[in-house]
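Protein chains in written order, with the working numbering: chain A, 2 to 140; chain B, 48 to 240.
It is worth saying that the hints were derived from the structure and are not from the lab. Be aware that one or more of the hints could be misleading.
Stated by the list, open to error - One-sided excerpt, in silico: chain A residues whose CB lies under 10 angstroms from chain B:
id, residue
1, Glu18
2, Asn22
3, Glu36
4, Asp60
5, Leu67
6, Met71
Being a predicted model, the structure only gives us computed values, none of them experimental. Glycine included, every Cβ here is placed at the ideal spot set by N, Cα and C.
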Amino acid sequence: MKCKKIHSKLIFFVEGELNENEMKEVALHLLECKECAAFVETMTKVLNRAGQERPAGEDPYFFTRLKARMEKQDEIAAPYNLWRKVLQPVFFSFIVFAGMYAGIYLGKLSFTGTDESVNDVFLFLNEMKEEPLENFLME
Amino acid sequence: MGEADIIAKLKEGDEKAFREFVEKYRQMVVNTCFGLLHNDEDAEDVSQEVFIEVFRSVKNFRYGSKVSTWLYRIAVNRSLNFIRNNRKHRWFSSSDEEVKLKMNILKQTASDYEGNPEFDLETRQTSVLLHEAVDSLPRNQRVAFTLSKYEDLSQKEIAEVMKLSVASVESLIHRAKKNLQKKLYIWYKKKYI
Chain A
2 MKCKKIHSKL IFFVEGELNE NEMKEVALHL LECKECAAFV ETMTKVLNRA
52 GQERPAGEDP YFFTRLKARM EKQDEIAAPY NLWRKVLQPV FFSFIVFAGM
102 YAGIYLGKLS FTGTDESVND VFLFLNEMKE EPLENFLME
Chain B
48 MGEADIIAKL KEGDEKAFRE FVEKYRQMVV NTCFGLLHND EDAEDVSQEV
98 FIEVFRSVKN FRYGSKVSTW LYRIAVNRSL NFIRNNRKHR WFSSSDEEVK
148 LKMNILKQTA SDYEGNPEFD LETRQTSVLL HEAVDSLPRN QRVAFTLSKY
198 EDLSQKEIAE VMKLSVASVE SLIHRAKKNL QKKLYIWYKK KYI
């Protein structure tokens, strides 16, 4: 029961964030309870590791590598910028105009026949003209 | 050269000022990135991106916040983007690749400490355990905890970096620690009980 009550405070005990009474209470419990004491020891090791893990020591070539990367990026970006700013609008404008011209040309091609020829094609669709309703009733 | 002078010169594109700026803040940026990424190579890669972004966007820097706060913010955002992109990549990669990736992490952790007499298996295990526990935290808790533990920032400074109130940061760190304890206890129970 005591363990359950103390357990939620253990990490704050390790970090020294409890008030004086609570710190004493937890410390006393740890003297009696081996299991909690062992867990606190493990947790302390893990949390201390965070403070020890600082990989950035002296590195005299960091700036050289950074500069090389920036130059490489600029090299890649230069032709891309030319494409994006100049060639891309020209290319898309060309496609739009070519599309418009092709549309007009195709439109002209499809209307080269006369209006009569169109009527010839669609004559049979008008059955009333071919077979008036009166004729049908007269039979 | 003072901070304001360096920024003024950076705005003019002065390369010498940029070198000085990088040398001054390199450790801070690399450590912050490492705290979130737990990998030396990734931390260096993202740190370079941070300084490139600084060089290209320094013209927009207003003196409203400290340079360090601005840098921390860029470093945190870049690191989180890196993690997100990596996750996306991992989503599409096969399980074999995932196993290879985990093996590489373990190998890298080992090679980081090779030749160091203080390093032993237990330290390596502790590092891996710490990284797994921190990575399992929700994003804001992870950032607040990392800035507090790896960079020793005060809650006020973390609040400025994260654009939150001090009370929110306090709550985030409190919850992060509780969650970490839970994770560590699960691992501890599996191993020892």
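Tell me, in ascending order, the numbers of any earlier hints that this structure violates. 2
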